[in-house]
Amino acid sequence: GAVVSQHPSWVICKSGTSVKIECRSLDFQATTMFWYRQFPKQSLMLMATSNEGSKATYEQGVEKDKFLINHASLTLSTLTVTSAHPEDSSFYICSARAFMGGQPQHFGDGTRLSIL
Amino acid sequence: QQQVKQSPQSLIVQKGGISIINCAYENTAFDYFPWYQQFPGKGPALLIAIRPDVSEKKEGRFTISFNKSAKQFSLHIMDSQPGDSATYFCAASKGGGSNYKLTFGKGTLLTVNP
Chain A
1 GAVVSQHPSW
11 VICKSGTSVK
21 IECRSLDFQA
31 TTMFWYRQFP
41 KQSLMLMATS
51 NEGSKATYEQ
61 GVEKDKFLIN
71 HASLTLSTLT
81 VTSAHPEDSS
91 FYICSARAFM
101 GGQPQHFGDG
111 TRLSIL
Chain B
1 QQQVKQSPQS
11 LIVQKGGISI
21 INCAYENTAF
31 DYFPWYQQFP
41 GKGPALLIAI
51 RPDVSEKKEG
61 RFTISFNKSA
71 KQFSLHIMDS
81 QPGDSATYFC
91 AASKGGGSNY
101 KLTFGKGTLL
111 TVNP
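Heads up: the sequence lines are chains A and B, in that order. Numbers 1 to 116, taken from the numbering used here, label the letters of the first sequence in order. Numbers 1 to 114, taken from the numbering used here, label the letters of the second sequence in order.
The following block holds chain A by itself, in its conformation from the complex:
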C-alpha cells in the first residue's frame, strides 16, 4: 500500500521550454503533497507544500512563477517548470500524505530533469 507514482522518470528538453511532472497517489487519497529538489549527493530540499484545492505554499527562495504547482484532486499534483534553463536541471521528487493525522509521507521515485 501507499504507492506514489511519479511521471516521467526522466526528461531531457531544450532551454526555454516548460516541463510538467505528475505525482499520483495510487492507493490512497493525499490531502497534502510535497515537492522536493535534490542535487547529487545532497539531501532533499523542500520546494513547496500543496493541499488539494488550495494554492501551494512555497518555501523561502523558491520562485512560485518558475515552479507552478497544481493540486487539482486528492490523487494528483503537478509541478510545471516554466521556461526551464540548465540551472533547473535536478532530481525532483514528490511525496504524498494521507488524510488521517499522523500518517507518514510516501515518496515517488523522482524525475530526473536535464535541460540542455
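Honestly, the hints are just simulated from the structure, not real lab data. No residue lacks a Cβ here, since even glycine has one placed at the ideal position from N, Cα and C. Each hint should be verified, as a subset may be incorrect.
Stated by the list, open to error - Output of the computed footprint for chain A on chain B, the stretches with three or more beta carbons under 8 Å from beta carbons of chain A:
id: 1; stretch: 15-27
id: 2; stretch: 64-76
Said to hold, decoys possible - Derived lysine to any residue pairs resembling SDA-like cross-links, with alpha carbons at most 25 Å apart:
id: 3; chain 1: B; residue 1: Lys-106; chain 2: A; residue 2: Cys-13
id: 4; chain 1: B; residue 1: Lys-42; chain 2: A; residue 2: Gly-53
id: 5; chain 1: B; residue 1: Lys-101; chain 2: A; residue 2: Leu-68
id: 6; chain 1: A; residue 1: Lys-41; chain 2: B; residue 2: Leu-11
id: 7; chain 1: B; residue 1: Lys-101; chain 2: A; residue 2: Phe-91
id: 8; chain 1: A; residue 1: Lys-14; chain 2: A; residue 2: Thr-31
id: 9; chain 1: B; residue 1: Lys-42; chain 2: B; residue 2: Leu-109
id: 10; chain 1: B; residue 1: Lys-94; chain 2: A; residue 2: Tyr-58
id: 11; chain 1: B; residue 1: Lys-57; chain 2: A; residue 2: Tyr-58
id: 12; chain 1: B; residue 1: Lys-106; chain 2: A; residue 2: Pro-40
id: 13; chain 1: B; residue 1: Lys-57; chain 2: A; residue 2: Pro-104
id: 14; chain 1: A; residue 1: Lys-55; chain 2: A; residue 2: Lys-41
id: 15; chain 1: A; residue 1: Lys-41; chain 2: B; residue 2: Ser-10
id: 16; chain 1: B; residue 1: Lys-106; chain 2: A; residue 2: Lys-14
id: 17; chain 1: B; residue 1: Lys-5; chain 2: A; residue 2: Gly-61
id: 18; chain 1: B; residue 1: Lys-94; chain 2: A; residue 2: Lys-14
id: 19; chain 1: A; residue 1: Lys-41; chain 2: B; residue 2: Asn-113
id: 20; chain 1: B; residue 1: Lys-58; chain 2: A; residue 2: Ala-98
Use these hints to put chain B onto chain A, whose structure you have.
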C-alpha cells in the same frame, strides 16, 4: 540553520556488522522522527519511524533509539548486508498546522562490504 544534524556523512561496514547513524535535532516541537532509505536514482522509502513517547522501536534488523532529553535519535542496522548499501536520511516533523513538513538531515552514505 540546520535543524537536524546527521552523522557520519559516510560509513563503511563489513557484512554482518552493526551500522549506526546518529541524528540530533533542535526544535523541541518535533514529534515524529522517521528514517528513510534511498537508493541511487530512486525516491526515499520509509524505513522506520518513532514518536517521542517511546525510547526504542525495532522492526526486523532496524532499530531506532530515541533520547528525548538529549534531543538525539539513532538508527541501528543489525547484521548489515550488502543490499543495505544506500543513503539513509533521518528526518523530523511536527504535526498540526505545519502540514507535517519534514526536515531532513544531510544523509549518510552506507557501504556494506561483502
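Hints and how they fare:
| no. | hint | verdict |
| --- | --- | --- |
| 1 | 15-27 | violated (count 0) |
| 2 | 64-76 | violated (count 0) |
| 3 | B:Lys-106 with A:Cys-13 | violated, 29 Å |
| 4 | B:Lys-42 with A:Gly-53 | violated, 28 Å |
| 5 | B:Lys-101 with A:Leu-68 | holds, 19 Å |
| 6 | A:Lys-41 with B:Leu-11 | holds, 14 Å |
| 7 | B:Lys-101 with A:Phe-91 | holds, 19 Å |
| 8 | A:Lys-14 with A:Thr-31 | violated, 34 Å |
| 9 | B:Lys-42 with B:Leu-109 | holds, 14 Å |
| 10 | B:Lys-94 with A:Tyr-58 | holds, 18 Å |
| 11 | B:Lys-57 with A:Tyr-58 | violated, 34 Å |
| 12 | B:Lys-106 with A:Pro-40 | holds, 12 Å |
| 13 | B:Lys-57 with A:Pro-104 | holds, 16 Å |
| 14 | A:Lys-55 with A:Lys-41 | violated, 31 Å |
| 15 | A:Lys-41 with B:Ser-10 | holds, 11 Å |
| 16 | B:Lys-106 with A:Lys-14 | violated, 31 Å |
| 17 | B:Lys-5 with A:Gly-61 | holds, 22 Å |
| 18 | B:Lys-94 with A:Lys-14 | violated, 40 Å |
| 19 | A:Lys-41 with B:Asn-113 | holds, 20 Å |
| 20 | B:Lys-58 with A:Ala-98 | holds, 24 Å |
Of the numbered hints listed earlier, those contradicted by the structure are 1, 2, 3, 4, 8, 11, 14, 16, 18.
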